[in-house]
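> Residues per chain are reported as follows:
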Amino acid sequence: MGLAFEDEKPFLDRLRQGDPIAYEKLVRSQAGRLLAVAQRILRSEEDARDAVQEAFLHAYEALEGFHGEARLSTWLHRIVVNAALMRLRSRRRRREEPLEPLLPCFREDGHRADPGPAWALPPEAHVEQRELMARVREALDRLPESYRTVLLLRDIEELDTEETALALGIKPDAVKTRLHRARQALRSLLDPHLREALT
Amino acid sequence: MSRTLTCRDFIEFLDAYLEEELPADEREVFESHLSICPWCVDYLASYRETIRLGKAAFTDPDGPPPADAPPELVRAILEALPARR
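One line per chain: the protein sequences are A and B, in this order.
Those letters in the first sequence? Residues 1 to 199, per my numbering, in order.
Those letters in the second sequence? Residues 200 to 284, per my numbering, in order.
Honestly, the hints are just simulated from the structure, not real lab data.
The structure presented is a predicted model; accordingly, all values stated were derived computationally and were not measured.
Yeah, the Cβ is synthetic: ideal placement off N, Cα and C, and Gly gets one too.
One should not assume that every hint holds.
Heads up, incomplete: computed chain B residues facing chain A, CB under 7 Å, no partners named [said to hold, decoys possible]:
id	residue
1	Cys-206
2	Tyr-216
3	Glu-218
4	Glu-220
5	Ala-256
6	Pro-270
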């Protein structure tokens with residue numbers, strides 16, 4: 001997650017001094033990327049824009065306390081994730097579909113029979129690859145929100161377990177459980193499409 | 200973890216295996232199950248692929264996230280800032 005500022009320390013000093021040109025550079029270089037992060041979490045362009053705006057205001061106010069412990073881009077990323085999660089929590093909760101039907105089933109002895117054919121993936125840069133990526137995004141959107149969010153934060157936004165737990169206000173073990181179930185459910189949703197590719 | 204695994208046990212420890220969090224002896228039990236169970240070999244491969252596809256779906260250039268922020272958003276952010284300081 002690189003930032004286009006070769007040496008962050010002088011740039012950070014300018015930001016902390018309230019240099020408007022430095023701030024504009026920061027906003028112009030980062031807002032698009034941060035908007036994409038907020039959109040992934042919120043699935044709403046309007047809410048995502050509000051979250052990014054709030055995040056920049058928060059960052060502006062918090063700059064004095066930021067001394068470059070992390071990269072500026074990483075720090076901003078965390079702020080926008082939190083702003084988006086706050087907004088997500090404030091939304092009326094939608095009723096979630098149960099996840100259990102998407103988890104694997106076993107025989108009484110805990111085993112499974114032999115698998116069917118292996119997944120067949122289309123070649124990269126092929127038109128079918130684009131269709132597959134769209135299918136993956138659709139499948140992710142079908143996951144219950146509390147599972148989708150954990151999967152997004154861990155696998156896509158690359159927060160670690162502790163950071164995810166902190167951001168969501170849940171225990172690290174709950175993050176691990178939800179992530180595992182979310183990945184299994186996503187796998188089940190993709191399974192018929194990727195096995196169909198063989199036939 | 201017992202010395203023999205069922206497929207259900209295998210699934211339960213899958214993330215710990217992938218994150219390399221299993222102690223050596225448990226990893227050995229896990230891998231010996233893999234050596235005799237085609238279903239779990241298949242599940243592990245497709246589970247790994249699922250994680251990869253999830254990441255790829257959001258770094259795909261044809262995906263929904265825009266590369267640049269809308270100018271009106273940039274403007275709104277910049278206009279809001281001085282009033283706060």
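> Each hint needs a verdict: does it hold in this structure or not?
Against the structure, the hints come out as follows:
1. This hint holds: Cys-206 (chain B) has a C-beta 4 Å from the nearest C-beta of chain A, less than the 7 Å allowed.
2. Residue-level restraint check for Tyr-216 (chain B) is violated (minimum Cβ-Cβ distance to chain A is 11 Å; threshold 7 Å).
3. Hint status for Glu-218 (chain B): violated, given a least beta-carbon distance of 9 Å to chain A, over 7 Å.
4. Interface hint at Glu-220 (chain B): violated, since its Cβ lies 10 Å from the closest Cβ of chain A, which is beyond the 7 Å cut-off.
5. Interface hint status for Ala-256 (chain B): upheld, as the beta-carbon distance to the closest one in chain A is roughly 4 Å, under 7 Å.
6. At its closest, the beta carbon of Pro-270 (chain B) sits 9 Å from a beta carbon of chain A; the interface hint therefore is violated under the 7 Å criterion.
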